[in-house]
Amino acid sequence: MSDLEMAATTELGARPGEVPPAAGGTPPPKTRSLAGDAWYDLRRNWIFWVAAALVVLVVLMAVAPGLFSSADPTACNTRRQYAGPSGGAILGYDFQGCDVFSRTVHGARASVLVGLFAVLLTGVIGLVFGMLAGYFGGWLDALLSRVIDVVLGIPLLLAAIVLSKRLAADRSGSGIVSVVIVLGILGWTTAARVMRSSVLAARSQDYVAAARMLGAGPLRIMWRHILPNALAPFIVVLTIALGTFIATEATLSFLNIGLRPPAISWGIDIATAGKHVREAAMPLIAPSLFLTLTVLAFIMLGDAIRDAFDPKLRR
Amino acid sequence: MARYIIRRLLQMVVTFIGTTFVVYALMFANQNDPLQALAGDRPVSDNVRQVLTEQYHLDDPFLVQYAYYMKGLLTGDLGRTLTGRPIGDVMADAWPNTIKLALLALFFAALFGIGAGLVAGLRRGTVFDNTTLALTLVVVGLPIIVLAPIAQLVFGVKLGWFPTTAGARPDLYGLILPALVLGAASTATILRLTRTSVAENVRADYVRTARAKGLAVRRVVSVHVLRNSLIPVITLIGVDLGNLMAGAIVTEGVFNIPGVGSKLLLGIQTEDGPLVVGFVSVLVIVFLVTNLLVDLLYAVLDPRIRYE
Amino acid sequence: MTYQQYPHPTHGYPASGESQTAPVVAGWGDDRSASWDTPTAAWTTAPSRARVERPTSGEHLLDVRDLRVEFDTRDGVARVVNGISFHVDPGETLAILGESGSGKSVTAQAVLGILDTPPAVVRGGQVLYGGEDLLTMAPERRRQVRGQEIAMVFQDALSALNPVYPVGWQITEALRSRRGIAKADAKRRAVELMDLVRIPAAAQRVDDYPHQFSGGMRQRVMIAMALAMRPKLLIADEPTTALDVTVQAQIMDLLATLRAELEMALILITHDLGVVADVADRITVMYAGRVVEQADVHTLYGAPAHPYTRGLLASVPRLERRGQGLHSISGTPPNPIAIPQGCAFHPRCPYAQQMCRITEPTLLRIGRLDRASACHFPPEALDARHA
Ligand SMILES: Nc1ncnc2c1ncn2[C@@H]1O[C@H](COP(=O)(O)OP(=O)(O)OP(=O)(O)O)[C@@H](O)[C@H]1O
Ligand code: SF4
Ligand SMILES: [Mg+2]
Chain A
1 MSDLEMAATT
11 ELGARPGEVP
21 PAAGGTPPPK
31 TRSLAGDAWY
41 DLRRNWIFWV
51 AAALVVLVVL
61 MAVAPGLFSS
71 ADPTACNTRR
81 QYAGPSGGAI
91 LGYDFQGCDV
101 FSRTVHGARA
111 SVLVGLFAVL
121 LTGVIGLVFG
131 MLAGYFGGWL
141 DALLSRVIDV
151 VLGIPLLLAA
161 IVLSKRLAAD
171 RSGSGIVSVV
181 IVLGILGWTT
191 AARVMRSSVL
201 AARSQDYVAA
211 ARMLGAGPLR
221 IMWRHILPNA
231 LAPFIVVLTI
241 ALGTFIATEA
251 TLSFLNIGLR
261 PPAISWGIDI
271 ATAGKHVREA
281 AMPLIAPSLF
291 LTLTVLAFIM
301 LGDAIRDAFD
311 PKLRR
Chain B
1 MARYIIRRLL
11 QMVVTFIGTT
21 FVVYALMFAN
31 QNDPLQALAG
41 DRPVSDNVRQ
51 VLTEQYHLDD
61 PFLVQYAYYM
71 KGLLTGDLGR
81 TLTGRPIGDV
91 MADAWPNTIK
101 LALLALFFAA
111 LFGIGAGLVA
121 GLRRGTVFDN
131 TTLALTLVVV
141 GLPIIVLAPI
151 AQLVFGVKLG
161 WFPTTAGARP
171 DLYGLILPAL
181 VLGAASTATI
191 LRLTRTSVAE
201 NVRADYVRTA
211 RAKGLAVRRV
221 VSVHVLRNSL
231 IPVITLIGVD
241 LGNLMAGAIV
251 TEGVFNIPGV
261 GSKLLLGIQT
271 EDGPLVVGFV
281 SVLVIVFLVT
291 NLLVDLLYAV
301 LDPRIRYE
Chain C
1 MTYQQYPHPT
11 HGYPASGESQ
21 TAPVVAGWGD
31 DRSASWDTPT
41 AAWTTAPSRA
51 RVERPTSGEH
61 LLDVRDLRVE
71 FDTRDGVARV
81 VNGISFHVDP
91 GETLAILGES
101 GSGKSVTAQA
111 VLGILDTPPA
121 VVRGGQVLYG
131 GEDLLTMAPE
141 RRRQVRGQEI
151 AMVFQDALSA
161 LNPVYPVGWQ
171 ITEALRSRRG
181 IAKADAKRRA
191 VELMDLVRIP
201 AAAQRVDDYP
211 HQFSGGMRQR
221 VMIAMALAMR
231 PKLLIADEPT
241 TALDVTVQAQ
251 IMDLLATLRA
261 ELEMALILIT
271 HDLGVVADVA
281 DRITVMYAGR
291 VVEQADVHTL
301 YGAPAHPYTR
311 GLLASVPRLE
321 RRGQGLHSIS
331 GTPPNPIAIP
341 QGCAFHPRCP
351 YAQQMCRITE
361 PTLLRIGRLD
371 RASACHFPPE
381 ALDARHA
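As you go down the protein sequences, you meet chains A, B and C in turn. Take the first sequence: its position 50, counted from the start at 1, is 50 in UniProt numbering, and no numbers get skipped. Take the second sequence: its position 58, counted from the start at 1, is 58 in UniProt numbering, and no numbers get skipped. Take the third sequence: its position 277, counted from the start at 1, is 277 in UniProt numbering, and no numbers get skipped.
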């Protein structure tokens with residue numbers, strides 16, 4: 001995951017208040033904000049629309065799986081093991097005789113929930129830490145930077161493994177909460193870094209200095225002057241992180257340390273189906289495809305937003 | 001330079017202590033029954049209980065326990081698994097396979113990533129460039145838990161080009177497919193970075209100078225453009241190593257390669273706490289050391305960088 | 001308009017005739033091994049390249065005719081070079097003068113064939129080297145000319161040197177890869193070349209990297225690199241712009257000395273009239289990608305025959321005009337995407353008439369000398385002098 005996030009951080013950086021030069025094609029309207037300009041670019045990017053459509057689809061599946069499949073994903077019957085498609089089960093049945101399509105549709109909920117809450121958590125932690133470090137600097141910055149170094153110094157999955165083992169010690173519930181906590185604890189560093197550098201860049205701007213001179217307090221300055229400009233790169237990082245969190249959740253579940261039944265997770269289904277791939281391929285292919293598309297959708301979305309916001313990358 | 005290395009080593013020690021402390025604390029601290037937590041769902045016999053209590057000095061205060069553990073770690077004594085095998089032995093068996101796999105994966109990633117990235121960077125905007133760029137995006141979004149079983153299904157089961165599992169003593173041929181799977185994400189990121197870097201460098205003034213000298217195109221590209229473009233790619237490979245380790249857990253599990261990753265996976269699944277802690281600690285050390293080496297390599301590749 | 005205050009052409013620089021040194025015209029076909037160069041394997045073995053034939057008498061070493069270069073940009077076609085013609089004879093120093101953006105560097109790179117295409121497109125013209133057109137030559141043959149016959153020194157030596165290789169390595173790279181000389185020989189050659197361009201302690205510094213040198217020393221390294229193949233023509237593209245004034249003079253001196261010592265021709269590109277007075281034999285003045293005036297250096301200083309040149313001269317600080325203030329040409333250089341109709345200089349020209357806005361003036365010979373000006377109304381002073 002850190003690749004993409006790193007790419008996002010390094011390529012994006014923060015250039016608050018910088019108005020990009022006119023891009024090619026028909027020139028956008030004369031007076032425009034950075035956001036307006038980005039939106040202008042975004043609307044012309046087909047990748048953005050494909051990604052957005054996929055995201056809407058997945059969210060819809062998570063909110064109302066009944067719209068797609070009426071079958072109960074937990075109503076399994078081993079007598080139907082590997083049975084071909086029939087009735088509502090358009091993709092047939094798996095090893096345990098569960099409806100593959102229904103399970104795949106219902107798997108979206110766990111992924112979206114984990115991704116969303118993990119991003120919220122990392123977003124809040126990253127925002128607070130990044131702002132504090134960037135705005136106040138000094139020992140606070142030094143301390144937080146060291147902490148970030150340590151957390152980044154451990155490969156995410158390795159840390160997640162250890163952490164999950166610990167959190168999963170009490171084996172009750174579906175494990176969603178512990179996975180969210182694991183991802184939150186380990187995933188906030190990139191968001192914090194981006195926020196910190198945005199704040200550092202914004203802090204040296206004239207209007208911030210002016211506001212400070214006029215006696216505005218730190219909270220007000222951060223809220224009114226710094227946050228709006230730092231938001232774009234932050235959102236990009238979080239969007240991409242959403243994709244990677246979903247992938248990590250699936251991986252943890254695949255390794256049997258993430259979600260647990262009764263939660264339906266694509267990762268669990270992939271792990272089970274992978275062991276019986278010789279007998280039937282569809283139970284493996286269906287959740288794999290959905291997982292990939294979901295992860296891809298968020299990453300592409302983040303990519304598209306970044307491209308729109310970063311004038312330097314335009315060609 | 002020497003001063004820089006010493007400082008980095010000191011920092012590394014801090015990170016290492018921090019990491020192992022966290023790992024250790026997570027496994028042992030604040031548990032009602034740390035042994036039961038270690039053993040997971042399995043019942044712990046009195047015999048094992050006694051051995052483990054001794055091994056982890058559970059009767060001592062927590063910090064002392066940790067100190068003992070560190071001492072063991074530094075002297076190469078990683079303790080024993082729940083099944084009683086010395087963890088050091090398990091590692092000695094597993095490492096060669098993992099190193100082979102990781103090197104092969106890195107080799108493929110560097111070969112394809114740098115090769116295709118160079119071509120794409122030189123021919124920006126062409127069909128080749130756009131196709132590879134779209135492909136890399138897909139590969140980056142493809143979780144390894146999807147890629148590994150699907151590759152096994154397609155190239156192993158259906159097409160039969162490669163063995164589906166590598167077996168107890170994997171040969172090089174058996175490792176090719178797992179290495180390709182493991183290196184896929186790195187290939188994509190290396191490709192993208194190489195492409196950007198090359199596209200930037202072909203326009204550099206010193207490349208113009210090289211052309212003005214009348215050097216052959218091949219030499220301009222390989223000696224000036226590529227060489228300079230590889231500097232950031234090297235650092236990326238260092239960062240990627242962490243992902244490679246994580247990926248190895250899944251890849252080795254799926255392809256049944258008796259390496260560090262699959263042993264760790266087994267440890268997770270059998271809830272063998274000591275094994276997990278031991279392996280993760282060692283992997284973190286490996287990660288930290290390779291990152292230091294990559295940083296030093298960076299200084300060798302770019303003479304402008306002087307570590308003080 | 002401050003034009004009335006332009007200097008009267010009769011004062012200032014020495015009129016032609018006084019203290020004029022004849023240009024050193026070096027023998028084109030001289031036995032080269034007799035000069036500064038210690039014969040090594042690199043020089044004495046016959047190079048395996050297609051040698052460009054020596055020109056028949058009367059031909060110029062380099063003869064650029066009606067060169068046109070355009071850039072395809074997002075905003076339209078930028079006509080950067082619009083029919084440039086100039087020539088250089090063996091051993092001669094030609095200065096190409098023009099404001100920033102007038103297309104000097106693009107011209108030089110087009111001559112050498114190192115423009116990035118795309119976005120650049122050479123639309124027409126000829127670049128005759130020894131009678132052969134470089135533009136229509138096979139790419140491989142043209143590459144042989146680069147560096148070996150015509151070499152170039154770039155404006156910003158820091159970015160023009162590869163940061164990751166030692167300077168000695170870069171100086172002799174062409175010798176090693178194109179003439180196959182051995183590593184040990186190459187290092188010796190590198191030290192010799194660094195000595196030649198007066199880099200102190202060359203033997204100790206040969207393995208240093210570009211960032212370890214000062215700006216002036218880096219430019220010397222660039223020059224040494226350009227000289228490594230012993231070109232017959234050296235194009236120096238604003239070699240001193242990035243340097244401070246004292247260093248500028250040193251580099252200029254060095255170039256002049258080396259040009260004479262090595263008997264090569266030199267094209268000196270600059271936007272600074274003051275820099276070239278002592279070095280150049282002839283001057284070509286460019287404006288908006290066209291030649292507006294061509295003249296012998298003393299003639300040009302004495303009596304500029306184009307309003308633009310007069311403007312440039314007025315902006316050079318001179319001792320005898322102390323207290324009179326400096327004058328610069330008002331307005332800004334034209335955007336190459338929208339070059340004004342007629343005479344490109346007319347929006348800034350104090351002499352401009354209706355005709356200037358409609359008809360483009362052609363470069364016409366003036367008087368009996370080898371000088372020309374592209375102006376409908378060349379300054380009267382000129383007529384007074386040369387009628
Ligand atoms: N790659 C390019 N794409 C588009 N336009 C270009 C490109 N390179 C040069 N130009 C344009 O060509 C014009 C002339 O550029 P050139 O570098 O030759 O100027 P110059 O006379 O050397 O100026 P300077 O004294 O600043 O070096 C400029 O207006 C520039 O905008
Ligand atoms: S042609 Fe006219 S506008 Fe152009 S330089 Fe001569 S007088 Fe000025
Ligand atoms: Mg220039």
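Watch out, some of these pointers could steer you wrong.
What the hints assert, rightly or not - In silico DSSO-like cross-links for lysine-lysine, where the CA-CA straight-line distance does not exceed 27 Å: (1) B:LYS71 <-> A:LYS275; (2) B:LYS100 <-> A:LYS275; (3) B:LYS158 <-> B:LYS100.
To be verified - Here are some, though not all, of the chain C residues that point toward chain B, as calculated from beta-carbon distances under 7 Å: (4) LEU112; (5) ILE114; (6) PRO118; (7) VAL122; (8) ARG146; (9) LEU161; (10) PRO163.
Derived by calculation from the structure, the hints in this document are not laboratory data. Each residue gets a CB set at the ideal place from its N, CA and C atoms; glycine is no exception.
We went through each hint and held it up to the structure:
1. B:LYS71 <-> A:LYS275: violated (40 Å)
2. B:LYS100 <-> A:LYS275: Holds, at roughly 25 Å.
3. B:LYS158 <-> B:LYS100: holds (26 Å)
4. LEU112: It holds, given that the least Cβ distance between LEU112 of chain C and chain B is near 6 Å, below 7 Å.
5. ILE114: Holds: closest Cβ of chain B sits about 5 Å from ILE114 of chain C, inside 7 Å.
6. PRO118: violated (10 Å)
7. VAL122: violated (15 Å)
8. ARG146: Result: holds, 4 Å to nearest chain B Cβ.
9. LEU161: Cβ of LEU161 of chain C sits 6 Å from chain B, so the hint holds.
10. PRO163: holds (5 Å)
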